[in-house]
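**Student:** Chain by chain, the residues:
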Amino acid sequence: MPLFDQLYNFARWLTHDLTEAEDLVQETYVKALRGFSSFQSGTNFRAWMFRILRNTFLTSRTGLKAATTVPLDAEDADELPAGPETPETIFISHSEHQLLQETLQALPLHFREILLLCETEEMSYQEISETLSIPIGTVMSRLSRARKALRDIAQQKLARS
Amino acid sequence: MDNWTGKIAAYIDGELPAVEMKELDAHLRTCPACTADALQRVSLKRAVQSAGRRYTPSADFRQRVRQSIAPRPRRSAVWFWLPATAVLLLLVAGTLTFSNRAQHLAMQSTYSELADLHVTALASPNPVDVVSTDRHTVKPWFEGKIPFAFNLPDLQDPEVSLAGGRIAYLGQAPGAELIYHVRKHQISVFIFQERAVGHLPSSSSSLQRQQDTFNFLTWSQNGLRYFVLGDMSGSDLSKLADLFKAAR
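Line order of the protein sequences matches chains P and Y.
In terms of the working numbering, the first sequence opens at residue 310 and continues consecutively.
In terms of the working numbering, the second sequence opens at residue -18 and continues consecutively.
Only chain P is shown next, with the shape it has when bound in the complex (with noise of 0.2 angstroms):
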């Protein structure tokens, strides 16, 4: 089964349940099965599996849920420069892991998804947009935002502890 432990994986980061998340993976397959013949050759098959998934996602109970909370695209994040004492540094050097973790489950879906999509599946810009059906001037913009919110909400969990 191609992308299986990929899909799994993000169904996990999508739905925060062990079980949805297996519910959506199975759904998945037997969807990209079915309509296998609307794959068109020559496109990404990656970005179309999934695409399939957050589509079930976001048709399921938890996924309107959390798609409702999802903000329009309208302006662009100032892109900003890390200062001297960011969490990237503090990342590194303490290793947090499970902070970073608990960052990524702490963010709206639409910018925990696309931070998934490209650092951790390392998709092209391209694929993202294919993946999420939006233009690629959005991915970057909400790209550079997310990247934002997970710096400004660890810098957040970091001054509480």
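Worth flagging that the hints you see were computed from the coordinates, not collected in a lab.
Treat the hints loosely; a few may be bogus.
Unchecked claim - Short, incomplete list of chain Y residues facing chain P, as computed with Cβ under 10 angstroms:
hint	residue
1	G(-13)
2	A(-10)
3	A(-9)
4	D(-6)
5	K26
6	A28
7	A32
8	R35
9	S39
10	S49
11	L72
12	V73
13	L86
14	A228
15	R229
Here the structure is a predicted model, which is why all the values come from computation and not from measurement.
Just so you know, even glycine gets a beta-carbon here, dropped at the ideal spot from N, CA and C.
Given the coordinates of chain P, assemble chain Y onto it according to the supplied hints.
**Tutor:** Below, chain Y without anything else, positioned relative to chain P:
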């Protein structure tokens, strides 16, 4: 630094066009602030990459999914592929037979036409329009009359002689017909452009065939299609054909 800040993210993601990639590379060597920024972004990227790899499916779940999607398509695949393969084979066989048959018919009608041209030339009181045994007279005669040039062989064998040539048409395409005498027989050599007879299977080696008591030889060379025909044996035709193939 400001010009580059917006591009560092795309640079780290490997999404910057090659030219800008090089420029930013060069800039990073000279700008400590941008370098620090880039390094921190790489660190965060790597950290998220590993933090994101958090969940692994259980072997049990993997097995369940495999079972739920595997058996049905496998069975239906057999039922699909068996008849599908049979139909495909029939189609291929049919197409091959059809195209062989079509080629055969095309050959047949071409040979009939050439045989008619040959017989007409033999029956005519003026079988050739340029009467000469000298290839250096016959070859230039065709210049400007047909849309290609060809070489005529130098004849050493006293039994073979050139009688002359004339314009011939095959399927509305002009070509050359050369008439040779071999002992008391007459042989016609037809030369056409390959694309004028493109419906025939092309072949660089000689194809031999007998039709209406005539023997035929045909081959392709340098974009031209040659036909040699006469009422002589195949080996006599081959000798003339070989002279043509070697002509410079």
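**Student:** Look at each hint and say if it fits the structure.
**Tutor:** Hint-by-hint comparison with the structure:
| no. | hint | result |
| --- | --- | --- |
| 1 | G(-13) | holds, 5 angstroms |
| 2 | A(-10) | holds, 6 angstroms |
| 3 | A(-9) | holds, 7 angstroms |
| 4 | D(-6) | holds, 7 angstroms |
| 5 | K26 | holds, 5 angstroms |
| 6 | A28 | holds, 5 angstroms |
| 7 | A32 | holds, 4 angstroms |
| 8 | R35 | holds, 6 angstroms |
| 9 | S39 | holds, 9 angstroms |
| 10 | S49 | holds, 6 angstroms |
| 11 | L72 | violated, 21 angstroms |
| 12 | V73 | violated, 22 angstroms |
| 13 | L86 | violated, 38 angstroms |
| 14 | A228 | violated, 50 angstroms |
| 15 | R229 | violated, 50 angstroms |
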